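Starting from the structure of chain A, add chain B where the hints point.
Number of protein chains: 2
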Amino acid sequence: MSEFDIIRDIFAPLTASAPGAFDLIDDAALLEQQNLVVTKDLMVAGVHFLPKDPLDLVAQKLIRANLSDLAAKGAKPIGYFLGCVWPKAVARDSIVQFARGLGEDQGRYKISLYGGDTTMHSTKTGPLTLSATFFGTPPRQGMTSRSGASLGDDLYVSGTIGDAGLGLAALRKEFKFTTVDKASLSGRYHLPEPRLSLGAALAGLATAAIDVSDGLIADAGHLAHASGLRAEIEAVAIPRSAGAASWVAAQDHRWRALAKLVGFGDDYEILFAAPPSMRRSITVASKASRTEVSRIGTLSRGDGVLFLDEAGNPIPVENVGYDHFS
Amino acid sequence: MSEFDIIRDIFAPLTASAPGAFDLIDDAALLEQQNLVVTKDLMVAGVHFLPKDPLDLVAQKLIRANLSDLAAKGAKPIGYFLGCVWPKAVARDSIVQFARGLGEDQGRYKISLYGGDTTMHSTKTGPLTLSATFFGTPPRQGMTSRSGASLGDDLYVSGTIGDAGLGLAALRKEFKFTTVDKASLSGRYHLPEPRLSLGAALAGLATAAIDVSDGLIADAGHLAHASGLRAEIEAVAIPRSAGAASWVAAQDHRWRALAKLVGFGDDYEILFAAPPSMRRSITVASKASRTEVSRIGTLSRGDGVLFLDEAGNPIPVENVGYDHFS
Chain A
1 MSEFDIIRDI FAPLTASAPG AFDLIDDAAL LEQQNLVVTK DLMVAGVHFL
51 PKDPLDLVAQ KLIRANLSDL AAKGAKPIGY FLGCVWPKAV ARDSIVQFAR
101 GLGEDQGRYK ISLYGGDTTM HSTKTGPLTL SATFFGTPPR QGMTSRSGAS
151 LGDDLYVSGT IGDAGLGLAA LRKEFKFTTV DKASLSGRYH LPEPRLSLGA
201 ALAGLATAAI DVSDGLIADA GHLAHASGLR AEIEAVAIPR SAGAASWVAA
251 QDHRWRALAK LVGFGDDYEI LFAAPPSMRR SITVASKASR TEVSRIGTLS
301 RGDGVLFLDE AGNPIPVENV GYDHFS
Chain B
1 MSEFDIIRDI FAPLTASAPG AFDLIDDAAL LEQQNLVVTK DLMVAGVHFL
51 PKDPLDLVAQ KLIRANLSDL AAKGAKPIGY FLGCVWPKAV ARDSIVQFAR
101 GLGEDQGRYK ISLYGGDTTM HSTKTGPLTL SATFFGTPPR QGMTSRSGAS
151 LGDDLYVSGT IGDAGLGLAA LRKEFKFTTV DKASLSGRYH LPEPRLSLGA
201 ALAGLATAAI DVSDGLIADA GHLAHASGLR AEIEAVAIPR SAGAASWVAA
251 QDHRWRALAK LVGFGDDYEI LFAAPPSMRR SITVASKASR TEVSRIGTLS
301 RGDGVLFLDE AGNPIPVENV GYDHFS
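One line per chain: the protein sequences are A and B, in this order. If you read the first sequence in full-length UniProt numbering, its first letter stands for residue 1, the second for the next number, and so on. If you read the second sequence in full-length UniProt numbering, its first letter stands for residue 1, the second for the next number, and so on.
Chain A extracted, bound-state conformation (with noise of 0.2 Å):
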């Protein structure tokens, strides 16, 4: 039983009569009356953060993945509504500095915070546990949606990938990182960039569009199983920081390396299909907004996702996840 297969089977059913609620499939809903995108996460601590992780981080990092949804979606950011339950524990201070996060952020974002809930837990060590409901206009074009994809479409994603998942095996130390390198991969972790820009700008230039919060080759399958194609993407093309550059050197085999790199989460950039005739276009968008943005592959005929080397072969690829970091 995973999260999809309950989201599918035992809540999609009650959207039946929400068309903007796109089956539960998509990063965000569309209230198409009233002209707003809203998406909702989850952030617990313990499994998305962890428990020792500064708050005023932890209070950024849920904005930040939250932005990155309607990001993706081509939304521009109003405000949202917040939800904390906290341990019976808790220290005034440590609301102070969430708080003080989260207040740097909308500074920096230009959004508001509209309402919600706070509570506490019966225990004193109940996992502090987040949840944010976010809201924006969609772009005039229409909101990008994962399933718009057509054969033969390329495929990019922005930023670079696995940054954040190498990130947080630095901060486990479980791997040797130059002092440099650890400190750019654990802000990736820790802070990750909304590529609201971007995503603004591919509006109406995108045929689909999807966060990278689970993986790239899994949201790349989201996005490739919602449009009924399967995602080919080039091992070889996939955007490399300086710092997981080196770590993929230090590794005994490149491309089990790079599998990891793709199995990773937590990168919030943004994958997204278009045309080959708008590469042009998509040149402009990056440039227009200063992110960088790579071809990786194309959709073809078929389902899953296909991880290739040089010669075109397939690489084994499992969405490794963090917890299965080795």
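All clues given are correct.
Note: identical chains are not told apart, hence a pair may lie in one copy or across any two.
Here are the computed lysine-lysine pairs in the DSS-like style, where the Cα-Cα straight-line distance is at most 30 Å:
id, residue 1, residue 2
1, Lys124, Lys173
2, Lys124, Lys88
3, Lys124, Lys52
4, Lys52, Lys88
5, Lys52, Lys173
6, Lys287, Lys76
7, Lys52, Lys176
Simulated from the structure, these hints should not be mistaken for lab results. Nothing here was measured: the structure is a model prediction, and the numbers come from that model.
Coordinates of chain B only, in the frame set by chain A:
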């Protein structure tokens, strides 16, 4: 450090640029441009419901508690976003039972699920934590706020008070009720009835309204404080169900018993203010919505809440809440 202090001192400043957030003192926010009223409520196992409560009833309580907020604002519900954090040991059947409760009330209240997030705790026992963000359209007369009451306004409350608290006492076998009373009171605990029709009928008549969820006295205090006034409530005017009346009659001290009733939470009735000139219109609204309404007091100069006996003397009241029920 209370929930209210945290909200006022730490979170309310984060809404400075959002007038529709009402400094986080109202039941719901108003997104004026989008013509939406939005509310968010959390429910945590062991805090807001009993860990052994049937999950279809928990789902319905989550929906109804949120709808009660919209009802107090006169809003017409449209749908909601749902966040669920399940204990790691959850069985698929439990999730199915939960979703069945959602589906049942979606039909009853003509609302739909629009999106959300579902995840698992890292522990087997991590308490089931639910978050819902509900939205609806405000009445054309404008959303009924918490802060609009005037000096001399009458105070009214819908339905009966204290039943859910007594229902919890019945479920915990803390008092011996008749079978009929137990069924009816525990029913009020599990399945509150959001007063949506009354709330809509009060739009433009009530000067202020609040959903009674923290206890009548506590919520009267919130309404009065938001309006810059004092609430004076007559103990004998508190509407009681047959079960509550029997319980009061069985107590040694009548005034103390009444003081307990108004300290219980989870009533999900509407407490509202209206000028004496509106008395006839309030009766019409009550009849049109088939919802009992009782006039229980007035708003006077000052602050806080006075709970008065027949001679006009104040009765000591604590907002005792569930945990201190005895």
